[in-house]
Structures are given as C-alpha cells and as structure tokens.
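J.: Those sequence lines, one after another, are chains E and U.
Everything in the first sequence is counted per the working numbering, starting at 2 for the first residue and increasing by one.
Everything in the second sequence is counted per the working numbering, starting at 826 for the first residue and increasing by one.
Worth flagging that the hints you see were computed from the coordinates, not collected in a lab.
A few of these clues could be false.
Calculated cross-link-like contacts (lysine to any residue; reagent style SDA-like; alpha-carbon spacing at most 25 Å) [as the list claims (entries may be wrong)]:
no.	chain 1	residue 1	chain 2	residue 2
1	U	1103	E	119
2	U	1103	E	224
3	U	1103	E	138
4	U	1103	E	235
5	U	1103	E	137
Only part of the chain E face toward chain U is listed, based on derived beta-carbon distances under 8 Å [said to hold, decoys possible]:
no.	residue
6	10
7	13
8	17
9	23
10	30
11	46
12	94
13	148
14	158
15	233
16	244
17	248
18	256
19	265
20	266
Computed from a predicted structure; not experimentally measured.
Backbone N, C-alpha and C define an ideal beta-carbon position, used for all residues, glycine too.
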Amino acid sequence: MVRSDRRRAAVTYLLAAPFVLFALFPFAWMLITSLKQNRELYSLAQNPFLVREGITWDHYRFLLERTDFPLWLRNSTIVAVVATLVSVVFALLAAYALARLRFAGADGVATGVFIVYLVPTTLLFIPLARIVALLRLSNSLWALIVTYPAFIVPFATWMLMAYLTSIPRSLEESALVDGCTRLRALWHIVLPVARPGIITAALFAFTLAWGEFIYALTFISTSSVKTVTAGVVVDLIRGDVFYWGSLMGGALLASLPVVLLFSLFLDYYIAGLTAGAVKG
Amino acid sequence: MLTDETTPADAAVPSPLSAPRLAAGRVHVRHETVTAWGFLAPTLLLLGLLAVYPLAYAVYLSLTSAQVGFAGRFVGAQNFIGLLHTQIFTLTLWNTVWYTVLAVAVKLVLGLALAAVLAQPVPGMRWIRGAVLIPWVAPVSLSVLAWTWMFDSTYSVFNWTLAELGLIRSPIAWLGIPNLARFSVVLVNVWCGLPFFAINFLAGLMTIPRELHEAATVDGAGAVGRFRSITLPLLRPVLATVLLFSVVMTSSDFATVFVLTHGGPMNSTQVLATLAFKLGLATGDLGQAAAISLYLFPVLVLATAVQVRLMRRTWQW
C-alpha cells in the first residue's frame, strides 16, 4: 500500500517536471540574465546557464536610477489599485441586484453583461482611443483608470454573481424583515459572508489591470505617464539597442507584485480561475 | 434612487393588518425593481459608455474613410471588401486562423495531460499547481519579452543548448524564418494559456465521482476506454466553455505577437490585432483599422451565441 503510493508519487513528479520546467524557465532566465555582467552576457563562448564572473547589480541600478522604471511602477500601482476598487464596488452592486433581487429584465441584463465580458480589448482600442481623446484624457493615468473597469467589471460581476447565489437567502431575509434597507443588508450581512468571493474578484481585477497592455500602449505616449507593461516593452528598447540585462530585470521586478499576491492567495486564484474564465 | 422596505410607498398601504397579502407583495416587487436598477446603474452606465458605444463606434468607423484628425465620409463596406484584395490582409487573416487553431489545439491536448497530472493526490501538489499557474499570472507583455530574448538570433539559450547537445551545427533563426516564427508565437501563446486550460480541466475532473472509474475498472475497462466513455463525456461542458473562451482570446491576441515578432518577418506572423494596431496608429487609417479588427466579430458572435446557449442549459439543470 505505502509502496504503491510512493511509486505513484514518483511517477507523478516525473510527469509534472517538464510542465513545471516549461512554466518557470522564462522567469529563471530573467533572473540569470539580469544578474550577469554585459561582457559575459554577450559572450558566445560561455555557458549561458552559469554566472562565472560574479553577479552584478548594475542592470538593476541602471533601471532604478537612470530610467523611468520607478515611475512606471508607481503609475501601474495607482491605476491597478483605483481600477480594482472602482470595479469591485460596481460589480458587487450589480451582482447583488442580478443574483438577489427579483425584477423584470434580470436575465437580459445578466446575458448582456456576459456578452460584453467576451468582447476582447483588441476590438475596442481604436474607438476607445478616439473617445479618450474626446474626453481629453489621452496621455494621463485617467485614460487607464476610466477604461480598465470596462473590461474588469463584467467578469467581476459574473464571478460575484456565482458567489452570491451560493449564499443562502435566509441570512439577509431576517434582516430585511427587521426593517433593514437593501444597502445596509448588503453591507452588514452579505459583505462579511461574501468576503472570499470579493477577495477573489479583487485579486483578479488587480492582476488583469496590472498586466493590461494594449490600452496602456495606445492611450499613453509620454514615458513618465506609462505603466510598467508598456514602459518596459517600448521605452527600454531604443532602436535596435537592447539592454537585455535591464530588460529582464525590469520584467522580473514588474512581475513580482502579482506573483507575490498569487503565492499568498493561491487558493483564491484557483477558485477564481475556475469560476470565471478570463484570459487564455 | 435606492429605496428600501420602509419608505413612503410602504406607508401608503393603509394598515399592515388590513392590506391584502397580494398588494403587499406587489409593492415589495416594485421596490426591488427600483433598487435593482439603482444597483445596476453604475455598471450599465460604465459598460454602455466604454464597451457598447465604442463597439458601435468601431462599426461606424469601419464604414467610413476616417483618418486620425479627419472624420472621413461614408464608404459602405468598401473597407471590408478592399481589404480582401490586399495581400497583406489575406495573409494576416490566414495567419490568425492558423495561429488560433494550432494554439488552441495544443493547449487543449497539453491542458488535458497537465490536468491529469495535477489531479493526482500526492504530497506537494499544491506547490506544483502554483508553479504551473505562474505564466498565467505574470503580465503577458513582460514574460513574452523573456521569450524574445530566449529566441534571440545570436544569444538564444535554445540554440546554445541544442548546439552543445550536438543537435544543430549553426544557430536557428527562431524569429527570422516565417514558419519558425509562426511556430515560436504559437509556442509562446501555449505557454501563456496552458494554465487556464489545465486548471479548468482539473476542476472538471474533480467533479467526476471516483466510483465511476472504479466501477468501470471492475468491468474490465482500460485507461483509454475509461477516458473515452467516462472522462470525456462528463468533461464536455467544461471543454466547450474553455474552448470557446480560448478561441475568442487567442484569435484576438495582441501582446504575444506584438512583443515577440511585431508581425514579422515579412508579415508572416501578422495577426488581425497587430495589423489593426499598425494601420490605426502608424498610418492613422482608422476606417481600415476598425474594419480589420471587426473581422474578429463573426468569431465573437458565434462563440457568444454558443456560450449563452450552454449557460441557459446549465441554469435549467
């Protein structure tokens, strides 16, 4: 019994290994590249897997002192945090209405929100660029703060709807009988119970906002206002000169916040990924 | 806007004791209607202004000769038809179809395999699941940058490894030769999208009762037989949902191709989203750019229609 368990485990690890290697190798490569001295980095004679001449922090120093990278991180943080807060509040109200309140048209609205959720951002960036320009938001963080909720709210609504339907109605009904308003019932009774669902929605909202690329690339052209995804890809590459050490350092540092959140809230992410499909 | 059960409308019912139940119920429902639309208002306003209106605006733009800073005039379907006569567009359309079909197919097969591995109850599985999900979490444009570096024409780590193993003599131009570049963008898209497939298939697998497999084994069914007659049919709803989502997301993918190849070499990896971006932002031809991205629309409509039908069915169960 124990022996067959061990064999099964060994086979599983063996089968999982290529997948884990495939998934993590690019990140290991970012790390190795970002710590190597240029002389070694661009030498074909040496084993690229090893760092022989000692690690260097020069690439990170360059990134943090000579480029707009710190600004990009700050911009990404502002945009992602504000967009997440706004989206979760909007989505929670909408999801509560769709999951709990009886009114004509609920099915239609739910389907409508779902359809909007499927519309990819690559279909919207051209008209949105015009709208953003008309609203005089181009080249400011507002352009992103305003547009990101438009793709976050639909899936957050669906995610929260699924979650709210799983909470028994009787919980709030007793409060409503006691004369509580819907908003107060939502705040005092539903909110505490729905916390895991709200955290999941917020984590996904933040991850998507942090990683968003095409709007950030299209709506903003001044380097100091860029977010980290567009900044690293566009502004660190000048002409044909690649600063691979700093580029990989930047990619790694900028991935770190979401990867960290992910490792802290692994179970929430797994629950969310299966509750509402987002990208893939 | 937000009403509740104790506002004047309730007070209008003369006396709670004498009021017929039915009337009270009706008042209650009316309250809920007002409250519901109040709760929905921010979301509907947001989506109307920043999703539905832009979509309609894209359709409008695609029917005009609009340029940046110039409204243009109505040209009917001319943009859509004209595009089909340009070589770059027909190439792009085919690239998009192949990119989507290949990437989704590979993600499907590998996703099933990975899910089967992740379903094994062995110690440390939580960490393995976490590790294989990381590509999904990290910003796509940044991780694709790492792939660009790994495919570098001179310093590619793959070339170094293959050469060390004696498998190749001269370096492979991963992103420099049309078919290799196509292979590379598909590979990177698979890398990004595999976690989503695997974790959803895993969730689907978990809902299949163990007893079914055990009973089938007792009846003498082999692994392949069990997969075909138990796993596959019961996984079908999950398979359908994941596939539809992925077809929409893959066919509209932008970041992978934009960062890895910019659509090159010689437009051999150009997809609809990158071509629309190129035309819309580089040449400012908004009408054509909108038309290009709207070629994605049929895929979207089809996927949505099927998905909504699937959802209805699930609700009925």
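J.: With reference to the structure, classify each hint as holding or not holding.
T.: Comparing the hints with the structure gives:
Using a Cα cut-off of 25 Å, the hinted pair residue 1103 of chain U and residue 119 of chain E holds, with the two alpha carbons roughly 23 Å apart. The straight-line distance between the Cα atoms of residue 1103 of chain U and residue 224 of chain E is roughly 20 Å, inside the 25 Å bound, and the hint therefore holds. A threshold of 25 Å between alpha carbons decides the hint, and for residue 1103 of chain U with residue 138 of chain E the separation of about 22 Å falls inside it, so the pair holds. Among the hinted pairs, residue 1103 of chain U with residue 235 of chain E is consistent with the structure: their alpha-carbon atoms are about 15 Å apart, no more than 25 Å.
With a C-alpha separation of about 23 Å, the suggested pairing of residue 1103 of chain U with residue 137 of chain E holds against the 25 Å cut-off. A cut of 8 Å between beta carbons decides the hint on residue 10 of chain E: the least distance to chain U is about 4 Å, and the hint holds. Look at residue 13 of chain E: its Cβ gets to within about 4 Å of chain U, closer than 8 Å, so that hint holds up. For residue 17 of chain E, the shortest C-beta to C-beta distance to chain U is roughly 5 Å, which falls under 8 Å, so the interface hint holds.
Using the Cβ-Cβ criterion of 8 Å, the hint placing residue 23 of chain E at the interface with chain U is satisfied: the shortest such distance is roughly 7 Å. Interface restraint check for residue 30 of chain E: the shortest CB-CB distance to chain U comes to about 6 Å, inside 8 Å, so the restraint holds. A distance limit of 8 Å between C-beta atoms decides the matter here; for residue 46 of chain E the minimum to chain U is near 10 Å, and the interface restraint is violated. The criterion of a C-beta within 8 Å of any C-beta in chain U is met by residue 94 of chain E, whose closest approach is roughly 4 Å, and the hint holds.
For the restraint placing residue 148 of chain E at the interface with chain U, the shortest Cβ-Cβ distance is roughly 6 Å, inside the 8 Å limit, so the hint holds. For residue 158 of chain E, the shortest C-beta to C-beta distance to chain U is roughly 7 Å, which falls under 8 Å, so the interface hint holds. Against a cut-off of 8 Å between C-beta atoms, the interface hint on residue 233 of chain E holds, since the closest Cβ of chain U lies about 6 Å away. Here the hint on residue 244 of chain E is broken, as its CB sits about 11 Å from the closest CB of chain U, past 8 Å.
Interface restraint check: residue 248 of chain E against chain U, minimum CB-CB distance 6 Å, threshold 8 Å, status holds. The criterion of a C-beta within 8 Å of any C-beta in chain U is met by residue 256 of chain E, whose closest approach is roughly 4 Å, and the hint holds. Taking 8 Å as the C-beta contact cut-off toward chain U, the hint placing residue 265 of chain E at the interface is violated, the least distance being around 11 Å. Hint on residue 266 of chain E is violated. Least Cβ distance to chain U is approximately 10 Å, over the 8 Å limit.
Going through the hint list in order, the structure does not satisfy hints 11, 16, 19 and 20.
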